[in-house]
Each structure stands twice: as C-alpha cells, then as structure tokens.
Amino acid sequence: MFEKGDKTVRELRRVLKEEISLYSQYVALIRKERSLVRKFKHKEINASASERNALCDKMAELQKKRISLMKKFPDWQQHQRLSKLIALYCHPEDRAELLNLTEKLRNVATEMRVESLKTSQLVNFAMKMVSGTISILWSATQSVVRSYSRRGAVKESYHPTRSRLQNLLKEV
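This note's numbering numbers the first residue of the sequence shown as 2 and each following residue consecutively.
It should be emphasised that the hints constitute simulated quantities derived from the structure, not laboratory data.
Some clues are possibly wrong.
[Said to hold, decoys possible] Label-pair restraints from in silico Cβ distances: (1) Ser36 / Asp7: 42 to 52 Å; (2) Tyr149 / Phe41: 41 to 51 Å; (3) Lys42 / Asp7: 40 to 50 Å; (4) Lys42 / Ser121: 48 to 58 Å; (5) Gln79 / Ser121: 18 to 28 Å.
The C-beta atom is built at its ideal place from N, Cα and C for all residues, glycine as well.
Work out the full structure, taking the sequences as your base and the hints as a guide.
So, in structure tokens, the structure goes:
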C-alpha cells in the first residue's frame, strides 16, 4: 500500500491531469475539424490534422507513462484496471482524488470516441459524395451504347468519343 503523498501517487496524479487536459483539447479539435469539413475548408483541415497528430503523439506518450506507473503497483498484472489498483493500494485520501481523476479520464475518453465516430462518419460521407460526383462527371464524358441480348437483357457499355469538332470529316 502506498503512503499518503507517495512519489508514485503524485506522478500518477500529474499524468492523469495531463491526460484529461490533452483529451479535452483533442475533443475540441475534433469538433473544430468537423465544422471545417462541413464548410469544405481544406487548408484549415490540413493544419488541424497536423495538430491532431501532435496531440495523438503526446497522448500515446502519456499513456505509456501511466502504464509504467501502473507497473509499480503490487499485483498489477492481476488487476489491469487503474481504478482497481487505486482502490486496493492507495491511501484513502489519495484514493478519492485519483478515482475522481480516473472517472473524468474515462468520461473524456468516451466523449472523444463519440466525437471521433461522428467526424469519421462525416468524412466518409464527404468522400463518397466527392467520389460519386467524380463518377458522374466521368460518365458524362463517355458515350453509352445500349444493346439487347437474345434474352432481352439490356447491356450498357461506355465508349469514349472525340469531340464533334475532331471528326475526320470536319478536319478535311
């Protein structure tokens, strides 16, 4: 059991607060990015994507620190949940604050997952819309030949054509 104000507990408290702060920044950035996607502002989206990557790197680094701190708890392999380790091995005063921080971190992480899902759905919709538009534009440049098979089924084939001004007779 860790004593009140132990170095490991203080470090864990600091890491949890930093993680909560980074996750909150990430959620705000995702919301901003989603509004940029709606307005089709690609330059700002690229800038926020690089900022998002930097935040992801910082979050991964803090997660590794948190896991290394968890390894300092006795029996950390049996109880792989941080809240369980805190409940078992921390001083009651530290326990209350740390459990509160873990709950905040869990809530922010859940909010981040929800916001990320919404943004990815919007981006996927936008990509499909762009892809569909390109497909429509491409098919508009092609001439369609429809023919019927012996059984009455319609076969469509696309044949690229030249401009009417490029026909052989127009050139002569």
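Tested hints:
1. Ser36 / Asp7: 42 to 52 Å: holds, 44 Å
2. Tyr149 / Phe41: 41 to 51 Å: holds, 43 Å
3. Lys42 / Asp7: 40 to 50 Å: For Lys42 and Asp7 the Cβ distance comes to about 49 Å; the hint holds.
4. Lys42 / Ser121: 48 to 58 Å: About 18 Å separates the Cβ atoms of Lys42 and Ser121, which means 48 to 58 Å is violated.
5. Gln79 / Ser121: 18 to 28 Å: violated, 35 Å
When each numbered hint is compared with the structure, violations occur for hints 4, 5.
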